Every structure is written in structure tokens, then in C-alpha cells.
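Number of protein chains: 2
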Amino acid sequence: MLRTHTCGELRQENVGQTVTLTGWVQRTRDKGGIFWVDLRDRYGITQLTLEEGVEAEAQRELVRTLGREYVVQVTGNVAERYSKNDKMPTGDIEIRVEKLEVLNPAKLPPFLIEDETDGGDDLRMKYRYLDLRRNTVRNNLMLRHRVAQATRRFLDGQQFIEVETPVLIKSTPEGARDFVVPSRMNPGEFYALPQSPQTFKQLLMVSGFDRYFQIVKCFRDEDLRADRQPEFTQIDCEMSFVEQEDILNTFEELVRYLFKEVKGIELQDFPRMTYADAMRRYGNDKPDTRFAMEFVELNDIVKGQNFPVFDNAGLVAGINAINCAVYTRKQLDELTEFVKRPQIGATGLVYARVEADGNVKSSVDKFYSQEELQKWKAAFNANPGDLLLILAGEPNKTRKALSELRLEMGQRLGLRDKDSFSTLWVVDFPLLEYNEEEGRYFAMHHPFTSPKPEDVPLLDSPDTIGEVRANAYDMVINGVEVGGGSIRIHDRGVQARMFELLGFSDEEAKAQFGFLLDAFEYGAPPHGGIAFGFDRLCSLFGGADSIRDFIAFPKNNSGRDVMIDSPSPISEVQLKELSIKTAVVQK
Amino acid sequence: MLRTHTCGELRQENVGQTVTLTGWVQRTRDKGGIFWVDLRDRYGITQLTLEEGVEAEAQRELVRTLGREYVVQVTGNVAERYSKNDKMPTGDIEIRVEKLEVLNPAKLPPFLIEDETDGGDDLRMKYRYLDLRRNTVRNNLMLRHRVAQATRRFLDGQQFIEVETPVLIKSTPEGARDFVVPSRMNPGEFYALPQSPQTFKQLLMVSGFDRYFQIVKCFRDEDLRADRQPEFTQIDCEMSFVEQEDILNTFEELVRYLFKEVKGIELQDFPRMTYADAMRRYGNDKPDTRFAMEFVELNDIVKGQNFPVFDNAGLVAGINAINCAVYTRKQLDELTEFVKRPQIGATGLVYARVEADGNVKSSVDKFYSQEELQKWKAAFNANPGDLLLILAGEPNKTRKALSELRLEMGQRLGLRDKDSFSTLWVVDFPLLEYNEEEGRYFAMHHPFTSPKPEDVPLLDSPDTIGEVRANAYDMVINGVEVGGGSIRIHDRGVQARMFELLGFSDEEAKAQFGFLLDAFEYGAPPHGGIAFGFDRLCSLFGGADSIRDFIAFPKNNSGRDVMIDSPSPISEVQLKELSIKTAVVQK
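Chains as they are written, first to last, in UniProt numbering: chain R, 1 to 587; chain L, 1 to 587.
For the record, the hints were derived by calculation from the structure and aren't laboratory data. Be aware that one or more of the hints could be misleading.
What the hints assert, rightly or not - Derived pair list, reagent style DSS-like, types lysine-lysine, alpha-carbon separation capped at 30 Å:
1. R:K452 with L:K581
2. R:K452 with R:K397
3. R:K217 with L:K576
4. R:K107 with L:K452
5. R:K217 with L:K581
6. L:K217 with R:K581
7. L:K366 with L:K303
Said to hold, decoys possible - DEER-style ranges, computed between Cβ atoms:
8. L:R64 with R:G314: 39 to 45 Å
9. R:P569 with L:E9: 55 to 61 Å
10. L:R96 with R:E437: 58 to 64 Å
11. L:R228 with R:E437: 54 to 60 Å
12. R:E577 with L:M142: 35 to 41 Å
13. R:G466 with L:K576: 43 to 49 Å
14. L:V456 with R:E266: 37 to 43 Å
15. L:A544 with R:K87: 51 to 57 Å
Nothing here was measured: the structure is a model prediction, and the numbers come from that model. C-beta: ideal position from N, C-alpha, C; glycine also.
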């Protein structure tokens, strides 16, 4: 090795040793004839010192030429510092430089390599290799490594086997858009990149693998948002001979293990909440349960008082913002603007303050007497100083808007602490969702999810088909869906029926999923599984909102890697070999 | 869980317990009023028993209907067997069936689910999910899991961080053919799938990650051979601030650890052999050193005796097949045919037997006196009973052919035992290889490999450029190249010079690898690494020649997955969204 120690390991007890370090120049200082260099590597920072009249002039001359981010090798003696720095692990010592060599010089980086950098997003992405030098970003990726290692350790201990499933698979019409790969050897034909290894993991259950997992790249060619990437990573798992509770218990244990191992946090048991309850109480299938502020439904109380907005609404519901009666008119106007944003979609906000004397003062006082308003207060279980925020309209839209308002209030009130974790399972999702545009049902989870046995008869009538619940579940932490899964169909007849409900002809079902239907005829065990969004899980562990800084080389919102400048045109020779032509529409 | 125990865990001490098992019916037997069912899962086989007059008639009726591979759940009492089977871990007990339920029936499988199956390759691939039920295949994949887990454990312990590099990258002209992925959001542009994460891992070194690894899928669109797959897995590693010996020592330790953990074998230290030596002694840059049979060069001895074949040859060399003088004329004719095969390419085989009296009898006695032949014997250090096999011709071709003959003889003589392991490092590979067809040099390893510093001056003359040695190394076990790597270039100028030598214009180099050249200007540390062929390594551990049965869902030699029928045509809508057209040439 070009070093005897890293920049993070020397301590008081090493004083007197001759050592060789390598690393990057973080900064240099010189004062009163003394030169200091902070030398950095992944493991820490060590201070190098050269003093006039003590260390050789030639070395000091060289140190004068060092710029930020130069790569150097230094040999010297470990000395106790005059003034120790108890903020850094190596703060007791310094290296008195005997020999210093520049291994590679560096141009001045386009932004500061510091925890707080002056680089904008675009610049940081272009020079991602420099951005990755920053402690904050590198620590995210080291965290990711630790989470992956701990995941594998836990699952291996539970007799799960990691099996690699193929990346070059087959395009399927259901779900998101596929990325495809033209086949040179099979002209006119294409592979697709997997959106998930779903069918393969089910086949592994048919094969008797019993417990499978894989930390695996998946691909979706969707329009990108800030927290989506065209390639992302899942912890993908499947078990045989299980019922829903077995899966919930197993993977609750996994996540509890990860929190303990990686963050030193003991999580409580995960409560189970039905989808219907989650929607009713929080207007959201992934409620942030770090704080209560549950919905209060007011239809029975507020209707019939000649306030048309409430009288004509399918649902009137609100939340109690405790101690927020002090909100100014300006703050309330802000909230009104917030709920009226197009993406939230409420038409207005009704509010009511509970005053010190217990009286309620509302924005709709001309429709409601104090006596009526006292009923509101009681419904919300509100106290003097509380602020009631009420929305009205079509039930689903109102719940969605109120959910956003609840989250906004939680944020404003500091109730969404990144260091506190509230977990739950949301269960009993609907099996199917009706898509108005396409005029047909889609699988809410995916076409392989089993209906609850007691709901199967409801599949037979178009009137009740939307009510069928699935053996499907999501794990939710702090309002983030970190994982989701289901008990799968393992019966050929039920699976064929499901394809039919989703609008597949017999022929299409066979062409796309014939191998799975066949497999179910050769002894398929009952099975189910789950997949965790690994990027999202890591960002949750890291207390960040975006997944981007937990991915070493992410793509931007146009799906571009601006560092390597990809995607890019390919040569005519390549196109010809692949039997394809580009058909770019001229703009 | 639908079971209380697996089919592999019940023992004598469980006798008397009521248990529930699930699994597949391996076989049923009935004799003298007793029914037996062998119930199988991943963990083992347990015998179920029903006796006339003891177990209920209804259960026995049901058992009569069970076919092979039916999935059943059974509850019963653990009983001691009348006749124990010490060949199976559960052989002391049986389950007296109280309740049996068919969870899923099964059609008769198209081939036997046994260690020795009657299914041909094509059938096994089409029904891969059934093939994977066979112990032999499943054990291979469980071995693969254990090797992967152990690899991660070792590297994590050595402070390597696993970082996921992108799968959607950029097509590069150097190396094998890329698989490409059309970008919908960037019409006319394409991503490429990585042939290896080479540039990304180097960027991670520039970022100061210091020690990186990844078990990662890689892709090469090459014409396939039996042991090649379009997607394959590498253990990809890189380290900073190292010299070649540091890498050899680190990864020798990794492989020693894997052998110890997975196979319980303690490997010796890995000898180092130069490429030049390997070619001279074995005619092969990945010699199988389980047996000696080294080449003996005979130019000095055999020339000038008016035997034109030898006189005109650039190289006359042979091997000593110990104790093979007993080979019959027929066997020797077979060997002659073997070396004359087009893929081996020798024009003939000269042989000489050392007889019991010490005399040598050769196939070219008319050209060589006994006195001359005694010199041969001495050169080979041969003893009575030995057989000398000699080839002659152009040196490189002769070495290649003799290497094949040596391996063939090793095989015939049982010297290539799958349970014995002989390891070495081959070092000092040539930096560049001349390609006659294209009339230019190619990087033997890849364009990022550094030349040996002492050979750098040789780069300046076309006469000596082919002699430049690289800081490159391969790990070879039993004649298989399991891994290879190099110390990389970390200097912008040297890297630019290398691209120039490989025929890149300045512009091309910048367009393809500008990000790497840039990165080298911002403080790149000295670094190097290695990549192991993970599929190959697993097949070596499993004692198999082909990698195919160590991959869960492999593709055939046309790159097809015959189970899912992929690749396949995609819809016009998909093609249009991707701005491409197919251009299939009609045949």
C-alpha cells in the first residue's frame, strides 16, 4: 500500500511513530512561519504540520504550491498537538512532515468540496465524481451499503436465498412502460428490462425455493419526477406456504432489525390499518402517523343550515390544528391558497377558532349559530386555542385535499420530525381500480394479487367488482410507502379469470403469461411476497426527502446522465446490426 | 405458516409430536395395506405413512389419488420408523397421517424431477421452473447464494463499500458489442447496457471511495458459446493507493476465504507466473496447473537431421505423457486426429516411446538415430514407459496446439480432478495486441490499463510497442481464468496517449471518455482493481464445466429465453413512442 495508515485512524497512542498517509488536500493554512495541511480521505482528516526552522525548507516550498484537492503522499512523525481539537477523532495529533510527494495535482474544483457546497444541482451532477467527495453524499452511499449488508444478513439468517433473475426479459402490456432492447440475433424482436422480477420470483416459488430475495435493479420508462428514477432498486422477496400475517411479521422484523442495526432505534410493533380506515381517518393510503390530527366527518352536524357549500357537498370533513387559533388572517389566507392549488383542488377553506372563553368564531358565522358551532367543537374534541380547518366537496377529492392540508399543518407545526419514526401496515387494498379514460378495471397492485377468499363472489357482478378486497399490503413509515406486496394467486383458473377481468383475451393472456399459467398446473404452492423501494428506504434512513443523493450516479428529470452525456446517438453500423432505424420526428 | 416444520427437520426427538408439513409429492408406494408418501420441500424429504385399519379410510382414499408433484398439506403424528433409513436425515421417523389436504394438484411433469432426469436440455429450459426443483440444480443456486454472501462478508470486513453503478449508460466503441436501449424522452438517442462498470468504479476512486465492490450484472452482445451468456455477473472491485502486489494479496485472500467458507478447503499461497512464462511452459495464459506436463522445447536438439518438418519449424516442442508408452497405435492415431482438428490446427504429431530397456522408439526413426533419440529422452527427463508427444510449426500456433494436447492428455490421465484446486496469478500481460484484420493495436485488457513504468519508453516506437507489458493480472484456477484486472492509468496525459495509440482521434476520445479524462484532472489517486466472473467462479466451486446450471434462468445459444419466449416483437405503439422502426431484412 502507498500508505501505512488512513487519515482517520491515528490517535494519541501513535505519537512517536513514523507513518505514511495518502489523501486529498482539504485546505492549507500558514501563519507565523507554520504551515498546516488538512489531509482528507474517506476515513477522516489528519493535520500535517511544517514549521520554519524545524521541517526542511524544500518540503515547505512544495507545500506552498499545494492546491485544494491535490493528491499527496506524506511520510512523517506522529506528534502530539499543541492545541488539541476534540471535535475530530484525530484531533490529538498531527504529522510533522518529513517527506511529501504530489501523486496527482488537481485543477480548482468547480464547487466547494465541503458539507455545505456552493455548487448548484446541475453543476454537481455534471461533476458527480467531485460531488461524491463531499462527506454528506458519501455518507449516504455508505449508509446504503450498510442497509444492504444488514438486509442480506437478516434474510440469509431467515433461510431466504438470493437468486439473480434475468435483466433481459419480455415486454408486457400491463403496468408502466418498458424499456426495450433490440435483439441482434433475433431481428425485429426485443427484450424488455424488468419493472420487477415478479413472475420470476413466483416461478421460483413453483420451483420450491421456499424463500427468495434479491436486491435488484428495476426499470420503468415513466415521465420522471424529482423522486423517481428510470432505474431503481428493490428489495424483492417471496415466501411459500404462508398467509398474509406471516409475511407481515417476517418483514416487520426485517425493518425492525434494520432500524436497530443501522440507526440504533428500537421500533414498536407495526399496527395494521385497513385501506378503508386509512382513507377515512387520513384521506391517504400512506398516512403519516407521526402525528394524529385525524379527520373528523361533519356531514351529520353541518348540513341543513342553508350553507350551500356544505349542503351540496358529498363530504364535509376537517382537522383540528391544536393551538393554532392564533393564526393571523394572512396565515389563514395562505392556507386557503394552499388548498386551492390545482394539484390539491379544494374550492375553499372553512375555518373556526375556539376562543379563550370557549366560544367558536368561524368564517361562516352567518350560517351557523354559536349553538351549532359548539357541536363542531364537540365533534373535534377541541379546546380553547384550537383551530378547526374544514373542507367540503366530492368525498374522494375532499379527503385527498384534506390529507394534503393535514400534512402541511403537520409540517408547519413541526410534527414531522425526521428523527422520529412511525410505522404501520395498510392492508385490505381494493383488488381493482376503475380507469375512467380506458373504461376498464386495472389491478391496483398487479394482476397476480389474490382477492380475499370471502370477496371472491363479488367478482361475478359488475356492480360489486370494485368492492373486492385484495390480500395486499403496504408498509408505511412516516407517510412514505416503503414496501408493498400481496398474497399471490396460485391457481390457474383464478389467474386466467383475473386476466379476463383486466381485459386480456385468452390468446393475449397465453402469449404474455402462458409460462406462468402453465407453471400453476405443475404444482404451485400458496405464496406471497413483498418488494421494498430500496432507494426510498435509504433516503428515509438518511432523513432526506429525495432519493437522488442516495444513488451514486442518478439521472436528471429528462432521464439523462449529464456526466457521461447519455443517452446519445449510436452509429449506423450499430443500428444496422440491430435491424432498427431511428424514426425521429423533425420538429 | 401453513406448516409447523419443514420436510428436512424432524428427528427422533420429535417422536410423539403432532406436526403439519407442506410440500410436493416425490413418490407414493403402497404394499400390503400400507401407503407411503415421500413429501419433499427445499429442506428435505419426510416419509408419510397410512396403514389400513390404523389411519382413516378417507385419507387413504385421498392418498391413492395423489400424483407426482401434487402440493399437499399434511398433519399427523411423528412416529419412530419400523425400518430406519440412515441415508436420509429424517430417516428415523415417519408421519402417521391424520389429515391430508391437496393445496394444488399437478399435471404429470414432462420429465422426471430426480437428480438423474430423463429431460433433454431443450425441455428442461422450456420448463425451467420444474428443472429448478431438481436437487442438483437448486443446490447449484444455493451454492451461488452462499458464495455471494461470503464474498460480501469478506469485502465488507475489508472496508470495501458496495456501490450500485448505473445499468443505463453510454455506448462505447471499444470492446465487445453493446446492448442498447432506445430513449423515449430523448428521441434518436440510446442508452447502452454496461459491459462492466469500469469507468464508474474508476470515478468512485476519484471520488475517494477508496475501496469499492459490487456483485453486478454485465452485458455483452456477442455470439454465444456454451459457456457464455448475454447477461452475466461479475464481482467487480477497485482500490485506491495500491500497487499490484496489494491487489493480488487482497483478492487471493478473498478466494482463500471463499474456498474455506464454502468448500472447507484451505488453499496454498498463489504462485505468480509471468505471461511469458505461462506461454513458454504451458502455451496458455491460463494454464491448468493441477498437473505438470510442462512443454519441453527441442529446437536445439532436433534440428539439422534432415527431417524437414522439424527443420522448417519455428518451434519444435513436446510434452511427456508419463507411463503412456503402452498407448496402442489406435490411441496414437486418435491423438493425431485430435491435434489435426481445425480448431487445434497442428499438421501432425510426432511421438516417441521410451521402452523398458531405455531405448527410444519414435515415429520418425528414419531421421533420428538412437543416439539422437536419447537426447530427446534426456530433454524430457523421461523414464522407461513414458510417451513423448511432439508438435512443430509456427511458434504461437504450435504452443496453442500443444496446450490443447496437454489438456487432453491431462483429461485422459485423470490429472484434472474436479475436487483438487490449483491456483496461480498470471502477471505482466502485454499491454497491446495487434489485430491483423483491422491493422491496429487493441488493448489486451482494456484502454484504462497502465503500462509498466519501465516499459513506457517502448511505447514511442512502432517496433517495440507490442513488447510493452501492462500492470495487468489474471487469477487462474484449474485452467480457468476466474478473474482479471490491472493497475489503472490515473494520469490524464497517459490516458490520452493510450486512446491515441488505440486509434481514437482527440475528438472521439473526448466524446466517449471526456468525463474520465476530466476527472483525472481533479485529483485522481493511483488505483487498480479486478473483476471476477461470478458465474464461472460458482461453476468452479460446483465442479461443473458449464455456467448454465448456476444461473437460474439462462438463455440459449441464440440468446433466447425459451421459457418466457423472449425476445419477442413489440407493438407499433411502443416502437412509435421510442422513435424507432424495425428494419428486418426479408429472407
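Outcome of the hint check:
1. R:K452 with L:K581: Violated, because 44 Å separates the two Cα atoms, which is more than 30 Å.
2. R:K452 with R:K397: This hinted pair holds, its Cα atoms lying about 27 Å apart.
3. R:K217 with L:K576: It holds: about 26 Å lies between the C-alpha atoms, which stays within 30 Å.
4. R:K107 with L:K452: Within the cut-off at roughly 26 Å; holds.
5. R:K217 with L:K581: holds, 28 Å
6. L:K217 with R:K581: Holds. K217 (chain L) to K581 (chain R) sits at ~28 Å (cutoff 30 Å).
7. L:K366 with L:K303: OK: K366 (chain L) and K303 (chain L) at ~14 Å, within 30 Å.
8. L:R64 with R:G314: 39 to 45 Å: violated, 60 Å
9. R:P569 with L:E9: 55 to 61 Å: The hinted range 55 to 61 Å holds for P569 (chain R) and E9 (chain L), with Cβ atoms some 59 Å apart.
10. L:R96 with R:E437: 58 to 64 Å: Once the Cβ atoms are compared, 59 Å apart, the range 58 to 64 Å for E437 (chain R) and R96 (chain L) holds.
11. L:R228 with R:E437: 54 to 60 Å: Once the Cβ atoms are compared, 46 Å apart, the range 54 to 60 Å for E437 (chain R) and R228 (chain L) is violated.
12. R:E577 with L:M142: 35 to 41 Å: For M142 (chain L) against E577 (chain R), whose Cβ atoms are near 39 Å apart, the range 35 to 41 Å holds.
13. R:G466 with L:K576: 43 to 49 Å: Given range 43 to 49 Å: violated, Cβ gap about 33 Å.
14. L:V456 with R:E266: 37 to 43 Å: At 59 Å between Cβs, range violated.
15. L:A544 with R:K87: 51 to 57 Å: At roughly 56 Å between Cβ atoms, K87 (chain R) and A544 (chain L) fall inside 51 to 57 Å, so the hint holds.
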